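J.: Each chain, written out:
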Amino acid sequence: MSGVPVSMAGALNRALADALADDPAVLVFGEDVGPLGGVFRVTDGLAARFGEARVFDTPLAESGIVGTAIGMAMNGLRPVVEMQFDAFAYPAFEQITSHLAKMRNRTRGRVSLPVVIRVPYGGGIGGVEHHCDSSEAYYAHTPGLTVVTPGTPDDAYHLLRASIASPDPVIFLEPKRRYWTKGELSDVAVPMDRAVVRRPGADVTLIAYGPLMATALETAEAAVEEGWEVEVVDLRSLSPFDDATVCASVRRTGRAVVVHEASGFGGYGAEVVARVTERCFHHLHAPVLRVTGFDVPYPPPKLEEHHLPGVDRILDAIARLQWDDEVVGCRGA
Amino acid sequence: MSPTRERTLLPTDEPLSLLDKDGSPVAGSPLVMPDDDVLLELHRRMVVGRRFDTQATALTRQGRLAVYPSSRGQEACEVGSVLALRPADWLFPTYRDTVALVTRGVDPAEALTLLQGDWHSGYDPCAHRVGPQCTPLATNTLHAVGFAHAARLKGEDTSVLVLLGDGATSEGDTHEALNFAGVWRAPVVFLVQNNGYAISVPMSKQNAAPSLAHKGIGYGVPSVLVDGNDVAAVYAVVREALESGGPTLIEARTYRIEAHTNADDATRYRTPDEVAAWLDRDPVDRIEAYLTSRGLLDAARRSAVAAEAEEFAARVRAELNADRPRDPAALFEHVYATPTAQLREQAAALAEELA
Ligand SMILES: Cc1ncc(C[n+]2csc(CCOP(=O)(O)OP(=O)(O)O)c2C)c(N)n1
Numbered sequence: 001m002s003g004v005p006v007s008m009a010g011a012l013n014r015a016l017a018d019a020l021a022d023d024p025a026v027l028v029f030g031e032d033v034g035p036l037g038g039v040f041r042v043t044d045g046l047a048a049r050f051g052e053a054r055v056f057d058t059p060l061a062e063s064g065i066v067g068t069a070i071g072m073a074m075n076g077l078r079p080v081v082e083m084q085f086d087a088f089a090y091p092a093f094e095q096i097t098s099h100l101a102k103m104r105n106r107t108r109g110r111v112s113l114p115v116v117i118r119v120p121y122g123g124g125i126g127g128v129e130h131h132c133d134s135s136e137a138y139y140a141h142t143p144g145l146t147v148v149t150p151g152t153p154d155d156a157y158h159l160l161r162a163s164i165a166s167p168d169p170v171i172f173l174e175p176k177r178r179y180w181t182k183g184e185l186s187d188v189a190v191p192m193d194r195a196v197v198r199r200p201g202a203d204v205t206l207i208a209y210g211p212l213m214a215t216a217l218e219t220a221e222a223a224v225e226e227g228w229e230v231e232v233v234d235l236r237s238l239s240p241f242d243d244a245t246v247c248a249s250v251r252r253t254g255r256a257v258v259v260h261e262a263s264g265f266g267g268y269g270a271e272v273v274a275r276v277t278e279r280c281f282h283h284l285h286a287p288v289l290r291v292t293g294f295d296v297p298y299p300p301p302k303l304e305e306h307h308l309p310g311v312d313r314i315l316d317a318i319a320r321l322q323w324d325d326e327v328v329g330c331r332g333a
Numbered sequence: 334m335s336p337t338r339e340r341t342l343l344p345t346d347e348p349l350s351l352l353d354k355d356g357s358p359v360a361g362s363p364l365v366m367p368d369d370d371v372l373l374e375l376h377r378r379m380v381v382g383r384r385f386d387t388q389a390t391a392l393t394r395q396g397r398l399a400v401y402p403s404s405r406g407q408e409a410c411e412v413g414s415v416l417a418l419r420p421a422d423w424l425f426p427t428y429r430d431t432v433a434l435v436t437r438g439v440d441p442a443e444a445l446t447l448l449q450g451d452w453h454s455g456y457d458p459c460a461h462r463v464g465p466q467c468t469p470l471a472t473n474t475l476h477a478v479g480f481a482h483a484a485r486l487k488g489e490d491t492s493v494l495v496l497l498g499d500g501a502t503s504e505g506d507t508h509e510a511l512n513f514a515g516v517w518r519a520p521v522v523f524l525v526q527n528n529g530y531a532i533s534v535p536m537s538k539q540n541a542a543p544s545l546a547h548k549g550i551g552y553g554v555p556s557v558l559v560d561g562n563d564v565a566a567v568y569a570v571v572r573e574a575l576e577s578g579g580p581t582l583i584e585a586r587t588y589r590i591e592a593h594t595n596a597d598d599a600t601r602y603r604t605p606d607e608v609a610a611w612l613d614r615d616p617v618d619r620i621e622a623y624l625t626s627r628g629l630l631d632a633a634r635r636s637a638v639a640a641e642a643e644e645f646a647a648r649v650r651a652e653l654n655a656d657r658p659r660d661p662a663a664l665f666e667h668v669y670a671t672p673t674a675q676l677r678e679q680a681a682a683l684a685e686e687l688a
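For the protein sequence lines, the chains are C and D, in the order given.
Each residue of the first sequence is one higher than the one before, starting from 1 at the first, in this note's numbering.
Each residue of the second sequence is one higher than the one before, starting from 334 at the first, in this note's numbering.
Honestly, the hints are just simulated from the structure, not real lab data.
Note that the structure is predicted; figures quoted are calculated from it, not measured.
Possibly wrong hints are sitting among the right ones.
One-sided and incomplete, this derived list gives chain D residues near chain C with beta-carbon spacing under 8 angstroms [stated by the list, open to error]:
#1 P458
#2 A483
#3 V668
Just so it is clear, CB atoms sit at the ideal spot from N, CA and C, and this is done for glycine as well.
Input sequences plus hints: build the corresponding full structure.
T.: So this is what it looks like as structure tokens:
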């Protein structure tokens, strides 16, 4: 697309602008997304360029934003709405789970809702309470929703374009602490249901997504010193889940660790572990481990570093996979 | 907007009406009396709607419907509001509004699919311009506002009618919807069928404002209080509101004669005297008395309408008594536009289980 590196926020902005330019049915609305350009500036300049009828501020009411988006989509438009922060999407939860996710199903395919809900999520920015939740498990648990989260600017651009083009509602989770990470954009479309191997390695599969993609890659780098070749899989699509890519990797390596920021209990990682165990049991040399945030409400900013999984904690988990073949004697051929 | 009435934010102290409880015209009403042919049509649809309602209630006793929330007593709202819609307009109903659906032309068996337990919504919303019936209270108000706003953005001359109950006015979504509608000046009409109770909870425990219509004032939405058992008045205010091009909140004072659903025991929260007082204000009797006094409704027409209602009920009975085939594979078909790998696997597993 261009060789100039762009931030993830910039990539999202470009995706919105291109979608607005390509399809007059696309609308962007939410709280402060108009002239201000959103609190993270993801919608910067869009109102000026596309006008108030297509990019606009709404009253401050999340259920209202999603509920009206549903009505607009029923009437042929393609709303892309912003929830200002993860935990502030909860007032809209009923509209999302009871209606957005189910409209196609209850009308047996006669009404589809091409709505994208952008949710800046996760911690690591020193935010106060309610600004750092990882809410992916709530959405991924809901049939009818597609849930995606980019780990790179390139994925951010292409996944958002694909999400807006999708005939089904998409929860688009933006890892807010990576908004300022830069990368180049390619011309290659990204499918909405495919994981990707970000870095090959023969010894262990590290499964990550969104905000922890960068941490996973750092971990893989650090693991080289230990003599471990870590393969990093970026899920990108949390629902649907790409069993094929994940299982192919785990079958190659025989060991896996899943990482995410959200609390572990009943969390998204539990689903990944279950699926990998069910499908790859005979290839596994060790239990599939999780490294997650603690089972506590998101901590205050000065304590968040203790909560968030970092390189050391992930390396510890990799070490716990007992990979001293000599000692354990279980490394398959 | 009717030239006879100014659109104000403040509702009247007393409900607006055109016919008193005995069917005599109300002197000095600010509302425009519908034309004779409209009045006859309102009457015909109310009689058919009521017969349909009794039939549906009977079908629950025979186990053909899982549940049925009757709207007996509320026919003036169900029919008067729907007939006020133009073909291009849309309706967003609740679970109680099955009579509104059949009045809009939805096939009765399709209208009852939800309550029959066959599927969540039986009809094609786009074919009838009727959103799926909403069970979560008040959520449909926002869909209606969004739909109306989209129509405005697209330059379409479409207004939207959303039905809700008195209990639903307490939900946050109602307030968000009124606020959005006020700010956007969306062409949407909120018709609150105030039937006195939210299951068992009476108005006194639901609302502290002088009326439910008063709730529009704070949102800048013109508000109307209307006699909900006067079909001519309901038709007139809804028509006027639809034509205003902006939002309107209408509170229609009415009463549900039956229990909340067939599963409810209404004697636990209201007295027979109260029910009797409302039976005395029956909406069907009222329009019949008026039309008869005007010489518009004679014995012949009355029996023709009754016969049509019987025929309609017989059709509903026949359709619901026939067992319809159900396809378990349908479970997986409409979750996403294209089934995911996970759903394809599960569909195959179920097919194998059933083979
Ligand atoms: C969000 C929500 N909460 C609770 C219920 C359970 N419920 C179903 S009907 C009802 C009462 C509704 O009363 P009202 O809005 O006055 O409508 P009516 O049934 O009288 O037509 C309740 C509490 C529901 N359907 N949705």
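J.: Would you mind marking each hint as holding or not holding in the structure?
T.: Each hint tested on the structure:
A hinted interface residue such as P458/D counts as satisfied when its beta carbon comes closer than 8 angstroms to some beta carbon of chain C; here the least separation is about 5 angstroms, so the hint holds. For A483/D, the shortest C-beta to C-beta distance to chain C is roughly 4 angstroms, which falls under 8 angstroms, so the interface hint holds. For V668/D, the shortest C-beta to C-beta distance to chain C is roughly 5 angstroms, which falls under 8 angstroms, so the interface hint holds.
The structure agrees with every numbered hint stated previously.
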